[in-house]
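2 protein chains.
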Amino acid sequence: MSGCLYGVGLGPGDPELITLKAARIISQTRLIAYFQKRGGGHARAIAASLMNGHHEELPLNYPVTTEYKADDPRYETLIHDFYEKAAGNIAARLKSGEDVAVLCEGDPFFYGSFMHLYRRLAQDYPCHVVPGITGMSGGWTNAGTPIAWGNDVFTVIPGTLDSESLARRFKSTDAAAVIKLGRNLPRVRAALAEAGLIDRAIYIEYGTMAAERILPLHEKLDDNAPYFSLIVVPGEGRRL
Amino acid sequence: MSGCLYGVGLGPGDPELITLKAARIISQTRLIAYFQKRGGGHARAIAASLMNGHHEELPLNYPVTTEYKADDPRYETLIHDFYEKAAGNIAARLKSGEDVAVLCEGDPFFYGSFMHLYRRLAQDYPCHVVPGITGMSGGWTNAGTPIAWGNDVFTVIPGTLDSESLARRFKSTDAAAVIKLGRNLPRVRAALAEAGLIDRAIYIEYGTMAAERILPLHEKLDDNAPYFSLIVVPGEGRRL
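The listed protein sequences correspond, in order, to chains A and B. The first sequence begins at 1 in this note's numbering and counts up by one. The second sequence begins at 241 in this note's numbering and counts up by one.
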């Protein structure tokens, strides 16, 4: 009998924002996999207090992070081959009857790397996914800012979009979160200015983690934003 | 010294999707408040296993639910007065030095009733908010459907919007979640059809709860949708 593949959402970074279910599955599963870039990743760190000598760890090391742009064909090939190989390694363990839990930052089905394993494995093996709190939710919570009210339309906008698309999206939504900010910060800032939203925008890096930093975007003067930074624009819908 | 107001996100419904932090705060706080409609609410039910004889409960009973449309001035007046009174009652307890934990379905700062207390109390009293997994995230997870990939734009659309706005929103996004579905289902379905999205849409009611029901929208033939139902339209962004 095959093992079960678990996709375990860990939430935005604070280990106390792990769910009871995620904690139980991690403690019950011997083989724990996680994505990480060179030098270590957040998933393993968030779950650190739940890991112990009884676990076998299977790190999945991204072959590239920011060396290529995401639309570079070399990136596509490298990352495709990486997911193929990672899925193959996990499939071998599942086939031998072992359960495998994949630790996922945030929510596994919300722009998560886990989805690339899931689409390769879910047809052939039992699979169970545990949702997690998104990074953006950890961010707006610690910013002390409700994000959407009443009939607000709320849009999640990848900072990787071109400048024109960014501005159009900002102009046509009531509330927004910009993910995948990183080196796109200057273009995102310009598009927010064009849409008249600079003064409502809040910049957040490492939300809910020890290194958390939250400030109004107009006070963020440099262009250095880590990949795990984001911007939120709270809605102004009906107050009752 | 004033007590602290806690806004405690409980997640989408499965009690195991409560976070470690929410569980700790509930167990450490004597006075527990929660919104409910006549006949009981979900928040109290989700947290039931954490409640015991040491808690004092402060139910906040909505004066209306679906008797009036949300844009009826009678609704606005009733619900405004209700929030004023609820905030006043909680303020009195905070002033006397008691902590108060408000149980919140989903994520407190994401279209939550708690926000109406928070904006009245957060200037005057210490306040701490614990994010939760949203209902929509619980929904797409149990539907087995990643919601957004790569550069997908993801839009949260209240079903209360007019038909034209609904269709325009559906046409201009890569992925969507429709919240506040309820009696808006027929209009939402028509707008999804106009946007060519019926076959990608998934209908979810009571996601992650015992009464959960998930099916392709085109198999949902009647128009009866509880308020806690939603529709998700998964994105088709880049697979790697």
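Careful: at least some of the hints might be erroneous.
[To be verified] PhoX-like cross-link-like pairs, simulated, lysine-lysine; straight-line CA separation at most 25 Å:
| id | chain 1 | residue 1 | chain 2 | residue 2 |
| --- | --- | --- | --- | --- |
| 1 | B | K335 | B | K309 |
| 2 | A | K171 | A | K220 |
| 3 | A | K95 | A | K69 |
| 4 | A | K171 | B | K325 |
| 5 | A | K85 | A | K95 |
| 6 | B | K411 | A | K180 |
Just so you know, these hints were derived from the structure itself, not from any lab.
For each hint, the structure was consulted:
| no. | hint | result |
| --- | --- | --- |
| 1 | B:K335 with B:K309 | 35 Å, violated |
| 2 | A:K171 with A:K220 | 22 Å, holds |
| 3 | A:K95 with A:K69 | 35 Å, violated |
| 4 | A:K171 with B:K325 | 37 Å, violated |
| 5 | A:K85 with A:K95 | 15 Å, holds |
| 6 | B:K411 with A:K180 | 23 Å, holds |
Hints 1, 3 and 4 from the list above are not met by this structure, while the remaining hints are.
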